[in-house]
Amino acid sequence: QSVLTQPPSVSAAPGQKVTISCSGRTSNIGNNDVAWYQQLPGAAPKLLIYDNNKRPSGIPDRFSGSKSGTSATLGITGLQTGDEADYYCGTWDSSLNPGFAVFGGGTQLTVL
Amino acid sequence: QVQLVQSGAEVKKPGASVKVSCKTSGFTFSSYGVSWVRQAPGQGLEWVGWVSGYNGATNYAQKFQDRVTMTADTSTTTFYMELSSLTSDDTAVYYCARDKSAAVRENWGQGTLVTVSS
Chain A
1 QSVLTQPPSV SAAPGQKVTI SCSGRTSNIG NNDVAWYQQL PGAAPKLLIY DNNKRPSGIP
61 DRFSGSKSGT SATLGITGLQ TGDEADYYCG TWDSSLNPGF AVFGGGTQLT VL
Chain B
1 QVQLVQSGAE VKKPGASVKV SCKTSGFTFS SYGVSWVRQA PGQGLEWVGW VSGYNGATNY
61 AQKFQDRVTM TADTSTTTFY MELSSLTSDD TAVYYCARDK SAAVRENWGQ GTLVTVSS
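For the record, the sequence lines run as chains A and B. For the first sequence, my numbering begins at 1 and goes up steadily by one. For the second sequence, my numbering begins at 1 and goes up steadily by one.
Hints listed in this document are in silico derivations from the structure and should not be mistaken for laboratory results. As the structure is a computational prediction, the values presented were derived from the model and not from experiment. Some hints here could point you the wrong way.
Said to hold, decoys possible - For lysine to aspartate or glutamate, the following EDC-like pairs were computed, each having C-alpha atoms within a straight-line distance of at most 20 Å: (1) B:LYS63 - B:ASP90; (2) A:LYS54 - B:GLU106; (3) B:LYS19 - B:GLU46; (4) B:LYS23 - B:GLU106; (5) B:LYS100 - B:GLU46; (6) B:LYS100 - A:ASP51; (7) A:LYS46 - B:ASP99; (8) A:LYS46 - B:GLU106; (9) A:LYS54 - B:ASP99; (10) B:LYS23 - B:ASP73; (11) A:LYS46 - B:GLU46; (12) B:LYS19 - B:ASP66; (13) B:LYS63 - B:ASP73.
So that you can see chain A by itself, here it is in the shape it has in the complex:
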């Protein structure tokens, strides 16, 4: 059981837009920034979004992030078959001292 809640799967057609939600609590998403990771089949995770809505160098602006209260959302526009992957949200949880890192259970994106 993951600390952050994501839908197990989403799907959309090439060229369309998809959003992936990530729900948490005050102690994690509510009080800390959120990151998103893309994991292509058989590969290590890759940072996609950090600090809720910032993109590392090299990440196209088709990928966007937002946060409101205790939820965060990843958006992907202009879907491509190469976007088929598992997507994870992650943040810090400060309910204990010291805190600890947490992740969502992951969302599998299928580009139909």
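Once you have looked at the hints, place chain B on chain A.
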């Protein structure tokens, strides 16, 4: 460029220990810490803990508190994670990841498969 290169796959028997290494390059070792994250087959990501490249300070997830040891070797710019009292539930790919901040794992190693089987 930033690189984290991990040691190779391991097969261990239940009750044994495993030590995974993470050789780093392309950044100032003492300015960053590294998290260890594991992924069981077909499952999601699970944070195991963190170690500082500055002073070797550690922060372990409560679940692993009594059987994990993370260290940092500044002379070889290598991080290590040792997990003891292995069970089949520890079978997973273990990743090291350079932390941008407490909430962000910025660069990832390629992963090390640890298989626990009798």
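ask   = Hint numbers the structure violates, sorted upward?
value = 13
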